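Could you slot chain B with the ligands onto chain A? The hints should help.
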Amino acid sequence: MKITMTVNGRPCSGEVEGRTLLVQFLRDIQGLTGTHVGCDTSQCGACTVHVDGRQVKSCTMFAAEAEGAEVTTIEGMANADGSLSVIQQAFQDHHGLQCGFCTPGMVMAAAALLKDNPRPSEAEVRAHLEGNLCRCTGYHNIVKAILAASGQAVAVAAE
Amino acid sequence: MPKDGIGASTKRREDIRFLTGRGRYTDDINLPHQAHVHFLRADVAHARINGIDTAMAAGMPGVIRIFTAADFAGVGGLPCGWQVTDREGQPMQEPKHPVLAEGKIRHVGEIVAAVVAETLEQARDAAEAIALDLEDLPAVIDMKAACEAGAVKVHDDLSSNLCYSWGFVEDNREAVDQAIAEAAHVTTLELVNNRLVANPMEPRVALGDYAFHDDSSTLYTTSQNPHVIRLLMGAFVLGIPEHKLRVVAPDVGGGFGTKIFHYAEEAFVTFAAKELKQPVKWTSTRSEAFISDAHGRDHVTKVELALDADNNFTALRCLTYANMGAYLSTFAPSVPTWLHGTLLAGNYRTPLIYTNVRAVFTNTVPVDAYRGAGRPEATFQLERVVDKAARELGVDPAELRRQNFIRKDQFPYATPVAVEYDTGDYEATLDTCLGLADYAGFAARAEASRARGKLRGIGLSHYIEACGIAPSNLVGQLGARAGLYESATVRVNATGGIVVMTGSHSHGQGHETSFPQVVADMIGIDASQVEIVHGDTANTPMGMGTYGSRSIAVGGSAMVRATEKIIAKAKKIAGHMLEASDEDIELKEGRFTVAGTDKSLAWGDVTLAAYVPHNYPLDQIEPGLEETAFYDPANFTYPSGCYICEVEVDPGTGKVEVCSFTAADDFGNIINPMIVEGQVQGGIGQGIGQALLEHCRYDADGQLLSASYMDYAMPRASDVPNIAVDHSCQTPCTHNPLGVKGCGEAGAIGSPPAVVNAVIDALERAGKPVAHIDMPLSPARVWAAMNS
Ligand code: FES
Ligand code: FES
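Chain order of the listed sequences is A and B.
Number 115 in UniProt numbering belongs to position 115 of the first sequence; there are no gaps in the numbering.
Number 675 in UniProt numbering belongs to position 675 of the second sequence; there are no gaps in the numbering.
Hint data in this document are derived by calculation from the structure and do not stem from the laboratory.
Keep in mind that this is a model prediction, so the values were computed, not measured.
Every residue, glycine too, gets a C-beta built ideally from N, C-alpha and C.
Heads up, none of these hints are tricks.
Just a few of them, taken from the derived set where beta-carbon distance is under 8 Å, the chain B residues facing chain A:
hint	residue
1	Arg12
2	Phe18
3	Leu19
4	Gly21
5	Arg22
6	Gly23
7	Glu202
8	Gly254
9	His507
10	Ile675
11	Ile684
12	Gly685
13	Arg716
14	Asn722
Here chain A stands alone, though its shape is the one from the complex (with noise of 0.2 Å):
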């Protein structure tokens, strides 16, 4: 079946089967490869998007339940003229992600708490990152960094 949706503002369509995943649609037939597959089982979060807004495990979704949505991957993040967002910037700047493959989730998830909740507590990230899994970084700095990214004051990274 053929479906459009608009992702990251532009419209978007394709051919696909019932059970063809939205992230298989993003990845296999828009080219979209900043959603990445973790797992198998709604684990991981490295296919974090939005959909309408709302932060959705794009493995857990079929891509025609999406039809007619806005969806917005990590590719759609950076600003307008390119450069990185507020929250993408302070990834960087505190060193908040190393091998870079649960970093789109990370920032799709933080984008939608800070969202919903502008100045969270320490607590709060951490428990807003429950459905996003990072091997490599323990974490600390990926809570560093979208604590920053709120606004609120943290200790900056190693002089």
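Frame of chain A, contents of chain B with the ligands only:
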């Protein structure tokens, strides 16, 4: 120092692409006319294969071809890169490791057949139509049972399930026995180092391609060491000469050891692409990863520490059973032996050490190096037994360690387990960590926890590791079938920009940022002028890759050596242009100056002359400015440090919460402190995972019980505390040009015993002393220990 030189916390340049979704991981690569493979994997642990009927599956839509072991008759087995010699001087037992199961299934997850189809869905559907005729055999899972006489054999053609029994140092054995018999006090501990799954967040992927026009093969793969894969797969498995084989490891989403090894899937897609004359791709699901990525740890150990009447350590004796799984993965035999036994001195002056390691085949996934590889197992047994000794003797665990430390003035220090530590200052890291963690103020915090109904404990560990592997002539004597040098080519372009082609590989370590810092510092130009190329055998010199915290110590040293050659040649060119002897030329801040004069040239003037050699000493040197160096280290490096963990135990549920974690490491000199801190925090995150959460468990039939993220407890953001990291104690390595030691594995090595010691401490302080609890310290285990 230029602002982004050695010692600067330069922000990572690679972050830009990762943060905007423009990384290029293996699964992001798709080739025209690419076919997909789905592997039919064994769902039983041990069975004889009487038949594989693929007729029906072969006729299903989209199926291109189905492969079984019969198709691999002319192909070699997956090679093992390290041969251990046993106590009798005999080589280890080394079974064949076929690409596809041959005659027998030996573990759940082993590949029985491979379906190549136009789409992945078609391949999967067809795999379901393959009929297997299997004769179930009893599975051997428990290591000690596997060693009993009459046990079912994993490999019929071997004499037993024992791969080797290794004694180290064999000459010390009787003296150790005697010292233990005569000791004033002996502390004994039996423990398990739990089996883990490395779980980099990016699952493995392999994409094979074949080019008809020049009969060459390309493998894109999630590897930490593409040259090693090229050599092993080309020379030993598929018989493709290296000049006809290219291996590319692009952005790799974490490795932690498990992406070192040469896997069957890599050989399969390369072989099938050539057979079918079309690209063949495999992307592991996480479920497949659990049953096909090499696992880690899985040691069962008895350790005895002897002390004299003054609490000095007099001897250490260990017996370890180490699980190899069903086959020998690439470096598996080296992990419980040379990467483990040689570290059993730890930070201590223990004069006599003996360990016996029995490596055992079982019907489980192969076990190999995982972050730390042997060194976490050594550190865990040592730091647990020292802690237990302190409790038995009623002395402060920190002070018992201090008393037995190798002292600062004793370096270089030859241990009784064959290694010589070049530098260290263990009291410095101990004191730093005690101060940062406010060890002295613990009682007040314990009181506050008690008021909240929680049991608080504090635990310490002091680790050593051997990094920067390794001197090739030494490891050759120890059984390595490879050299362990590293390489770099430094190419200076006409306009002064530099490309460094390194054999090291970055899969999260940030080499694209930290390596340029070194070169820029040496020449005095901006780091943005230096670019790193890695991960492709087509455009990098033969290198051994990244593991064992070796990249900056070995790869960085190769890069320094190549840059030194560049500078020496550039000085010759500059000397000619400035009409001075090259010995009088100084290079500072990117300018060549004749010493004591104001005559100078910019870096770019000289690099241009190298490629436009009009005014050039052509009679003495060649045009161009490109140099290669291979660096073979003189010794291992020996990072060390102190970790202190504080936990709260819930007496009602047994749940452990890590309240604080403090690390004081000595990594020698440091290139980029921000990256170093991140490495330590990440390693500690994994160590906390091992100590409290992660457990790879098989049932008695060899079914993996923890085969997904629903069952295998990965540490999440709320399981790990903020981690305070200090690296102010620096005793530079004495034998490499940067004075660096390596930092990638420290966190995973030092942290598990600190966490366990803290929990044991909490229970003891609460009046519920227990000798030991095996990892992971789940609520159920802690509660049971408290209430037994
Ligand atoms: S891939 Fe969607 S949660 Fe793991
Ligand atoms: S940065 Fe590698 S998994 Fe998070």
